[in-house]
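Enquirer: Okay, here's what each chain looks like letter by letter:
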Amino acid sequence: MTANGWLQILFYCVVLLALTKPMGIYMLKVYDGSHRWLGFLERPIYRICGVDEKEDQHWTDYAAGVLLFSVASMLVTYLVLRLQGALPLNPERFPGVVDRQAFETSASFTTNTNWQSYVGEKTMSYLSQMTQLAMHNFASAAVGISVAIAVIRGLARRSAGKIGNFWVDTVRGTLYILIPLSIVLALLMVQQGVIQNFSSYVTVKTLEGAKQTLAMGPVASQEAIKQLGTNGGGFFNANAAHPFENPTPWSNFLSMIAIFVIPAGLTYTLGRMVKHQRHGWAVWATMFILFFAGTTTAYWAEARGNPIHAAEGLDIKASALQPGGNMEGKEVRFGIVASALYAVITTDASCGAVNAMHDSFTAIGGMVPLVNMQLGEVVFGGVGAGMYGMLLMVVLTVFIAGLMVGRTPEYLGKKIQSREIRMVMLAVLASPLVILVFTAIASVAPPGLKGLNNSGPHGFSEILYAYSSSFANNGSAFAGLTGTSYFYNTTLGIAMIIGRFAVIVPALALAGFLSERKVVAESSGTFPIATPLFVGLLISVILIVGALTFFPALALGPIVEHFLTSARTLF
Amino acid sequence: MIDLLYIALTLLAFAALLAYVRACALLGREDTADSRGKDER
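Protein chains in written order, with numbering that gives the first Met the number 0: chain A, 0 to 570; chain B, 0 to 40.
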């Protein structure tokens, strides 16, 4: 680890902190309707769609809106991908996407996962990329923020189950937040050298005299929303490691900031909406501590490098001439710290973009992204998804604190009783049910084993990573697993759908139930929710729930691999 | 044929999720039993 590396991390943290409040205030004003500078576009959308913007929906109607919007857009994407060969904007004349990949991809982009089992530049027409995949990048992100705002409204209001209007929230999130920010970021990306064109692919002669085809396309516009919406699906197969997607350390820095800016801002929005700003900052601090711990661990593991190299007498120390550590699968223009930091950010959030190959990380370095996803991506998290996931953990924490002292738990003046805890447990239990069961099946069933390229614990980690990534709607991969089969395409697609909506539904239910509760005055027995004690307890609950659930699986994968690597065994 | 299966699977999954919304609403009905904390009784 170097001083330069720590400075890069510190600079990132300072910029993130500085952006939290302005972003939070802006989003607050967008969702409470006081920012209407694009009203001339917003109002016609409601008129055309027949939306009554003044209607306040019950949580069940809100949830039904989320589900109907998602299933309709998923089916349209499936059909467009299958039929792209007969549709325009296809200069390379790509045929329709294979059925199993069309299913997985439509599920993947609808659920904000963006897991890609295809090579983008060899599979998707420009029409598919722009009207379907990029559209979902906006829509799925807007849906996530809408749900988070609805859950916060449930905490803040006393409204008999009414938590806002899904259609209005989604339009406002897209129109006022995602589109303007994407335009700014896309222009900054173009300035850094990210390409944006509709050219046919270019064939060039390399220095060795060979011919190479360079893929082209509207990359910058997709790159911007890919990061801001924590989508992560790359235009190219190499994702953000590709020089046309992420050419410079500055484009890399902008990408990392873009991933966290909305989730971090939402903590401030939370504080303002529930009129308890210190609580908002306590949630920010919880997320930051977990993020910093993950970053430190991944950076340490990658800077330390492969112990076998050290044992063989290779010089893996950082110096003026080399970055040292484990540079396998990393881009030299980013080096170890920017690769480790990016890996942590992309898996803390549900982004899944990668600028280095996580499969090539050391066992402990690779375990950090895996754990981040298994914790439910509540460390800033996906746009919206991180916030409502974290609020579920907050309710659980307050409940446990109440049990400790024998009082009925209350959160923001609202009693937490059995029905609220039922919803939290439904959301929490969905994760092990899907990840561990599918991992177990894939680890023994022949079609699951067929996809493995590595044996032993590393192979197991690849399967565990795939289902963790799919359920958490992350989309990054341990690239060693060949996921292009009916078995993986279908089961991963199902895991994505359950991972997204089996958490959203109980989260919205929780919001609806809490909105029905009357607010009771704070008393001496009320558990304070803006103190270091609260932050510590919340972190403990997140880690203990995650550890109790996934530690045995992690022990079979990256942990045993770490010890075996130290004993000079590779897989 | 496989296209129809995938479309059916998608519709089935979301139908199940809509049923899940209903199930959560039923689970959320207030208990008739006294669930107040000791301090409130």
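One or more hints might be untrue.
Stated by the list, open to error - Footprint (simulated), chain B over chain A, 3 or more residues, beta carbon under 8 Å: (1) 224 to 236; (2) 418 to 425; (3) 543 to 555.
As the list claims (entries may be wrong) - The calculated DMTMM-like cross-link candidates involving lysine to aspartate or glutamate, where the alpha carbons are at most 25 Å apart (straight line), are: (4) A:274 with B:2; (5) A:28 with A:54; (6) A:316 with A:358; (7) A:121 with B:2.
To be verified - Distance windows between CB atoms, simulated: (8) A:247 with B:22: 48 to 54 Å; (9) B:15 with A:439: 35 to 41 Å; (10) A:314 with B:15: 25 to 31 Å; (11) A:157 with B:6: 41 to 47 Å.
Derived from the structure by calculation, the hints contain no laboratory data.
These numbers were taken from a predicted model, which means no experiment stands behind them.
Ideal Cβ positions, reconstructed from N, Cα and C, are used throughout, including at glycine.
Enquirer: Now tell me if each hint is right for this structure.
Expert: For each hint, the structure was consulted:
With 0 residues bearing a CB less than 8 Å from a CB of chain B, the segment 224 to 236 of chain A misses the requirement of three and the coverage assertion fails. For the segment 418 to 425 of chain A, the proposed coverage by chain B is satisfied: 4 residues have a C-beta within less than 8 Å of a C-beta in that chain, meeting the threshold of three. Interface restraint, the segment 543 to 555 of chain A with chain B: violated (0 residues with C-beta to C-beta distance below 8 Å; minimum three). Proposed proximity of residue 274 (chain A) and residue 2 (chain B) is contradicted: the alpha carbons are some 50 Å apart, above 25 Å.
Pair hint residue 28 (chain A) plus residue 54 (chain A) holds up; C-alpha atoms about 18 Å apart against a cutoff of 25 Å. With a C-alpha separation of about 22 Å, the suggested pairing of residue 316 (chain A) with residue 358 (chain A) holds against the 25 Å cut-off. Between residue 121 (chain A) and residue 2 (chain B) the CA atoms are separated by roughly 22 Å; this keeps the pair inside 25 Å, and the hint holds. The hint said 48 to 54 Å for the Cβ distance between residue 247 (chain A) and residue 22 (chain B), and at roughly 50 Å that hint holds.
Hint check: residue 15 (chain B) to residue 439 (chain A), Cβ distance near 22 Å, so the stated range 35 to 41 Å is violated. Here the CB-CB span from residue 314 (chain A) to residue 15 (chain B) is close to 57 Å, at odds with the stated 25 to 31 Å. At about 42 Å, the beta-carbon gap between residue 157 (chain A) and residue 6 (chain B) stays in the expected band of 41 to 47 Å.
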